[in-house]
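Colleague: Whenever a hint applies, use it, and build me the whole structure from the sequences.
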Amino acid sequence: MNTAPVLYDRRRLLARRRRAYAAACGRTSVDKAPDFLLHWAVDDMIGRLKMVQRDFPRAAEDMGHTGILAKTLRDASKNRRVTRVEACQTFLNDTPGVDAKVGDEEHLPIPLASQDLIVAPLCLHTANEVTGALIQMR
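Going by my numbering, the residue at position 13 of the sequence shown is 13; the numbering climbs one at a time, nothing skipped.
No wet-lab data here; the hints were simulated from the structure. Yeah, the Cβ is synthetic: ideal placement off N, Cα and C, and Gly gets one too. Keep in mind that a hint or two might mislead.
As the list claims (entries may be wrong) - Taking lysine to any residue pairs in the SDA-like style, the calculated list, with each CA pair at most 20 Å apart, reads:
(1) K101 / Q89
(2) K71 / R81
(3) K71 / L49
(4) K71 / L92
(5) K50 / Q89
As the list claims (entries may be wrong) - Simulated restraints on C-beta separations:
(6) V52 / E129: 37 to 43 Å
(7) D55 / A20: 29 to 35 Å
(8) N79 / P109: 22 to 28 Å
Modeller: As structure tokens, this is what we get:
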């Protein structure tokens, strides 16, 4: 049986994400955190979604780091249910009004066909098996 090669150490990646999150939370304002690239990606994704004529009442954010995309999706539609998936419960604490699940992009804790939209801002490049992650999202 062939298995995908392990390219990224998941424990080390999680440790680095925790350290960055703690550094951002230790600032006087989270707005001063070095997450400009994430904000750019979120703005780009929201702009692209606005062009789509379809509504997505059930959306999920996969490894969204700060949850800004989940919050934006929640606020964009009053009757949209948003779920966040993160690798650690610590990252999920600051998103009220959003369902939270602990998992990772390689093993999504979301039932099959339960979401209309899954967004993964700046995370799939660290998946050991991108194809498998995309198949799960489908």
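Colleague: If you draw a straight line from the CA of K71 to the CA of L92, is it 20 Å or shorter?
Modeller: Between K71 and L92 the Cα gap is close to 12 Å, so the pair holds against 20 Å.
Colleague: May I ask you to test the hint 29 to 35 Å on the CB atoms belonging to D55 and A20?
Modeller: Distance hint for D55, A20 holds at roughly 34 Å.
Colleague: Holds or violated: K50 and Q89, Cα atoms, limit 20 Å.
Modeller: 30 Å, violated
Colleague: Sort out whether L49 lies within 20 Å of K71, counting only the CA atoms.
Modeller: Holds - the C-alpha atoms of L49 and K71 are around 15 Å apart, at most 20 Å.
Colleague: Going straight from one Cα to the other, do K71 and R81 come out at no more than 20 Å?
Modeller: 11 Å, holds
Colleague: For the pair V52 and E129, does the Cβ-Cβ distance stay inside 37 to 43 Å?
Modeller: Violated: the Cβ-Cβ distance is about 28 Å, outside 37 to 43 Å.
Colleague: Hint says 22 to 28 Å; check whether the CB-CB distance for N79 and P109 agrees.
Modeller: 23 Å, holds
Colleague: Holds or violated: are the alpha carbons of K101 and Q89 at most 20 Å from each other?
Modeller: Holds, at about 8 Å.
Violated hints, in rising order: 5, 6; the structure is consistent with all others.
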